[in-house]
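Fit chain B to the supplied structure of chain A, relying on the hints for placement.
The residues making up each chain are set out below.
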Amino acid sequence: HVQLHQWGAGLVRPSETLSLTCTISNGSFPDFHWSWLRQPPGKGLEYIGEVSPSGYINYNPSLKSRLTISVDTSRKQFSVNLTSVTGADTAVYYCAGGVHIIRGVRFDYWGQGSLVTVSS
Amino acid sequence: IQLTQSPPSLSASVGDTVSITCRASQGISSHLAWYQQKPGKAPKVLIYSASTLQTGVPSRFSGSGSGTDFTLTITSLQPEDFATYFCQQLNSYPLTFGGGTKVEIK
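Heads up: the protein sequence lines correspond to chains A and B, in order.
Residues in the first sequence are numbered from 423 upward in steps of one, following our numbering.
Residues in the second sequence are numbered from 110 upward in steps of one, following our numbering.
Hint data in this document are derived by calculation from the structure and do not stem from the laboratory.
Fair warning: there could be bad hints in the mix.
Partner residues are not named here, just some residues of chain B that face chain A (Cβ under 7 Å, in silico) [said to hold, decoys possible]: (1) Ala-142; (2) Val-154; (3) Tyr-157; (4) Leu-199; (5) Pro-203; (6) Leu-204; (7) Gly-209.
Computed footprint of chain B on chain A, listed as stretches where at least three residues anywhere in the stretch have a Cβ under 8 Å from a Cβ of chain B [unchecked claim]: (8) 459-472; (9) 531-537.
Listed next, the in silico SDA-like pairs over lysine to any residue satisfying Cα-Cα at most 20 Å (straight line) [unchecked claim]: (10) A:Lys-465 <-> B:Gly-149; (11) B:Lys-211 <-> B:Phe-191; (12) B:Lys-147 <-> A:Gln-425; (13) A:Lys-465 <-> B:Ile-110; (14) B:Lys-211 <-> A:Val-514; (15) A:Lys-465 <-> B:Pro-203; (16) B:Lys-153 <-> A:His-522; (17) B:Lys-153 <-> A:Val-521; (18) B:Lys-153 <-> A:Pro-462; (19) B:Lys-153 <-> A:Gly-535; (20) B:Lys-153 <-> A:Asp-530; (21) B:Lys-150 <-> A:Val-424; (22) B:Lys-150 <-> A:Gly-432; (23) A:Lys-465 <-> B:Ala-192; (24) B:Lys-150 <-> A:Gln-425; (25) A:Lys-498 <-> A:Pro-475; (26) B:Lys-153 <-> A:Leu-537; (27) B:Lys-150 <-> A:Thr-443.
Glycine is no exception: its CB is placed at the ideal position from the N, C-alpha and C atoms.
Chain A on its own, in the form it takes in the complex (with noise of 0.2 Å):
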């Protein structure tokens, strides 16, 4: 079955840019939505976005002016780029592959998650 594997800093200053990158096993990029979601330290899951098997970017309002997904395909990739971190944006990231159902993306396949702390 699809496999996660996602890596990137651990440490960023604050107004400075958050980069991950996860990349897929057992998988191709038509075959789900390939998604990327946040939980901040004992709280709740947050969508930051998503890229469509026809390549259509999705985004969280609340993140979209400094938010930036894309994907390699040849390489079996996506990213995410945040610009401008602050403390509020430390949370474990976890990469995601999705299922769309009806009108929305259902998450079944996720990496192991990444802690991202914004300290300086």
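What follows is chain B alone, placed relative to chain A:
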């Protein structure tokens, strides 16, 4: 769309039946999923379309509801069920999650 889960936490014993509710700020038909998350792990889908059991999930988990009010019920709680549960709406973007309900051992 905001999702409000209740209670935020509950204590129960092995063998108990527990129910968790999720209320949406506007109608979402049956476009709701439930996830289970254990400490340090990624969430796992339990139920989608409000009441459809994901493949491989034990039948002691069940979901109900439509519109704005939804319930996740765990019948005969097992030791491995002690975890945090989240609801997610799939009705419209941005996709959103409830705040979670932590099920603890009494």
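Each hint, compared with the structure:
no.	hint	result
1	Ala-142	5 Å, holds
2	Val-154	6 Å, holds
3	Tyr-157	5 Å, holds
4	Leu-199	3 Å, holds
5	Pro-203	4 Å, holds
6	Leu-204	4 Å, holds
7	Gly-209	5 Å, holds
8	459-472	holds (count 5)
9	531-537	holds (count 4)
10	A:Lys-465 <-> B:Gly-149	13 Å, holds
11	B:Lys-211 <-> B:Phe-191	8 Å, holds
12	B:Lys-147 <-> A:Gln-425	19 Å, holds
13	A:Lys-465 <-> B:Ile-110	18 Å, holds
14	B:Lys-211 <-> A:Val-514	18 Å, holds
15	A:Lys-465 <-> B:Pro-203	18 Å, holds
16	B:Lys-153 <-> A:His-522	16 Å, holds
17	B:Lys-153 <-> A:Val-521	13 Å, holds
18	B:Lys-153 <-> A:Pro-462	18 Å, holds
19	B:Lys-153 <-> A:Gly-535	13 Å, holds
20	B:Lys-153 <-> A:Asp-530	7 Å, holds
21	B:Lys-150 <-> A:Val-424	17 Å, holds
22	B:Lys-150 <-> A:Gly-432	17 Å, holds
23	A:Lys-465 <-> B:Ala-192	14 Å, holds
24	B:Lys-150 <-> A:Gln-425	14 Å, holds
25	A:Lys-498 <-> A:Pro-475	13 Å, holds
26	B:Lys-153 <-> A:Leu-537	19 Å, holds
27	B:Lys-150 <-> A:Thr-443	19 Å, holds
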